[in-house]
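The listed protein sequences correspond, in order, to chains L and H. Per the numbering used here, residue 1 is the first one in the first sequence, and the count goes up by one each step. Per the numbering used here, residue 1 is the first one in the second sequence, and the count goes up by one each step.
Heads up, some of the hints might be wrong.
What the hints assert, rightly or not - Covered by chain L, per the in silico footprint, the following chain H stretches (three or more residues, Cβ under 8 Å):
#1 147–154
#2 157–166
What the hints assert, rightly or not - Some but not every residue of chain H turned toward chain L, in silico, with C-beta under 10 Å:
#3 Pro175
#4 Leu178
#5 Ser180
#6 Leu245
#7 Arg247
#8 Leu250
#9 His253
#10 Pro254
Claimed, not checked - Cut-off 20 Å, straight-line C-alpha distance, at most; resulting in silico cross-link-like pairs (EDC-like, lysine to aspartate or glutamate):
#11 L:Lys235 / L:Glu169
#12 L:Lys100 / H:Glu156
#13 L:Lys70 / H:Glu156
#14 L:Lys235 / L:Asp218
#15 L:Lys128 / L:Asp110
#16 L:Lys235 / L:Asp194
Derived from the structure by calculation, the hints contain no laboratory data. Heads up, the beta-carbon is just placed ideally off N, CA and C, and yes, glycines get one too.
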Amino acid sequence: MAHLVLDHISVHYGNQAQPAVTQASLSVNSGDFVVLVGRSGCGKTTLLNAAAGLIAPNSGSVTVDGKQIKAPGADRAVVFQNDALFPWLNARENIGFALKLRGVAAKERDAAADRLLALVKLEGFGSKAIWELSGGMRQRVGLARALAAEPDFLLMDEPLGALDALTRERMQTLLLDIWAANNIGVLMVTHGIDEALLLATRIVVLAPGPGRVVRQIDAGFGRRYASGETVRSIKADPAFNQARAELEDSIFEGEAA
Amino acid sequence: MSRALQSIGRSAIGWLLPALLLAGWEIASRAGVISANVLPAPSAVGAAFWKLLLSGELLENIRISTLRALSGFVVGGAIGFGLGLANGLSALSRGLTDTTIQMIRNIPHLALIPLVILWFGIDEEAKLFLVALGVFFPIYINTLLGIQGVDPQLVEMGRIYGMSRSQLFIRVILPGALPSIFVGLRYALGIMWLTLIVAETISASSGLGYMAMQAREFLLIDVVVLSILIYALLGKLADSLARYLERLSLQWHPAFQNV
Ligand SMILES: Nc1ncnc2c1ncn2[C@@H]1O[C@H](COP(=O)(O)OP(=O)(O)OP(=O)(O)O)[C@@H](O)[C@H]1O
Ligand SMILES: [Mg+2]
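Let the hints inform the model, and build the full structure from the sequences given.
If you want it as structure tokens, here you go:
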């Protein structure tokens, strides 16, 4: 069981008049699926990067199991909106890259990569060059690569933002499958209200000017999917529509305040 | 099998036009349409080639010129590559040197020939200096641009992997910059021959350019034409070699697929 805690963090980029985020707190435990929503520019990426250790907050603390984070670490894998795969490596090599840096032998690496390729439903695509893959496939390779290091946390910044609606829906269930099977803690940024509701165990609503957390809403639809219910039946549940209206309201309130 | 034939066919098609031109030229010369004082027949050039080959003169001159070209290339290329790397990786180094380099770049390096002759006479250093100078800029600029053009998100990814600076350089920055570095390399090879030809025709006591100038004085027009053809062949050879290396090291790049 791992705990990632952002405690009252503020980030002020050097050249900006006001802080990008101020006094933001949230926590992610193993088994949580925390989703950040809010209008463009309200600091979602900033919070995620702080959790990853890519930027250091000006005040407040980011800790994993009580220990202060100073740099990115293998316990927190990151998936960007653009796949950020190395184009000079094929799919399998990209996935095995973290293991290679750790000195894992080629045979073991390839076996692990092939296992992960199967997990993201890309069996047989290991030798493909990155440019031969579609956007959805690349994002799945990126996901497999993130999982290769067996992280405690998966930090994702609009991982499905560049995908078409149909591919996106399939990726959502894939994410849920992987999350449910691996007991990892997920922190994810999205612009999709439905996506947030479907996936999250907790939704963190941010508001801009300066970026801050205005509400945290518990949700349980992702768990229902994990225990066997179909996405169609979840979305048909009136409770889903009601939760959507509530979420939209709180995003709107946050902006008005 | 048929694929192999196709690819042979494709490369053969490029030689069709030169072969036709050559045939036309030979016929025109024999028919007296082209005077031998203006342009010797290909067969005459071939005979000159054979004679110079047997005397060993030709190979010796090719050897000398190639050696000059390559040593200038190595010196200028190494400095350009090193400075390109330094300025691509360090803002301090860039701030310190880039303006100066851009200023010098605006002087055509061949304009320095009179000065170079004053400095070095017609010694080897003169040719080395000019070739190195000519080669330096394309390598420098393209190395710098290549490094600056590496996707910042890939560098970020490297940080997430916890790579050391040297790992980051070898595994992310260098492969990312390689396509651009090759552009510089191929361009520099062209400049290398061009510079050497000019330098050798103006001041040398050996080499292909010298051979051509000597031939001109003795009105051996077939040897002059031969020298020009050999320059063309050497240039093509260097470019093919660079292309081959490029294909080999950029196999991952969509532009270098054998489709
Ligand atoms: N590197 C940076 N330097 C300066 N300011 C920045 C930087 N990154 C973000 N900002 C500013 O900080 C604020 C929050 O940006 P951030 O990228 O975290 O927003 P976001 O919620 O992720 O937006 P989006 O939904 O558009 O991705 C914005 O006002 C932005 O202009
Ligand atoms: Mg963002």
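Tested hints:
no. : hint                : in the structure
1   : 147–154             : holds (count 3)
2   : 157–166             : holds (count 6)
3   : Pro175              : holds, 5 Å
4   : Leu178              : holds, 8 Å
5   : Ser180              : violated, 13 Å
6   : Leu245              : violated, 15 Å
7   : Arg247              : violated, 14 Å
8   : Leu250              : holds, 8 Å
9   : His253              : holds, 7 Å
10  : Pro254              : holds, 4 Å
11  : L:Lys235 / L:Glu169 : holds, 12 Å
12  : L:Lys100 / H:Glu156 : holds, 18 Å
13  : L:Lys70 / H:Glu156  : holds, 15 Å
14  : L:Lys235 / L:Asp218 : holds, 17 Å
15  : L:Lys128 / L:Asp110 : holds, 14 Å
16  : L:Lys235 / L:Asp194 : holds, 9 Å
Checked against the numbered hints listed earlier, the structure breaks hints 5, 6 and 7; every other hint is satisfied.
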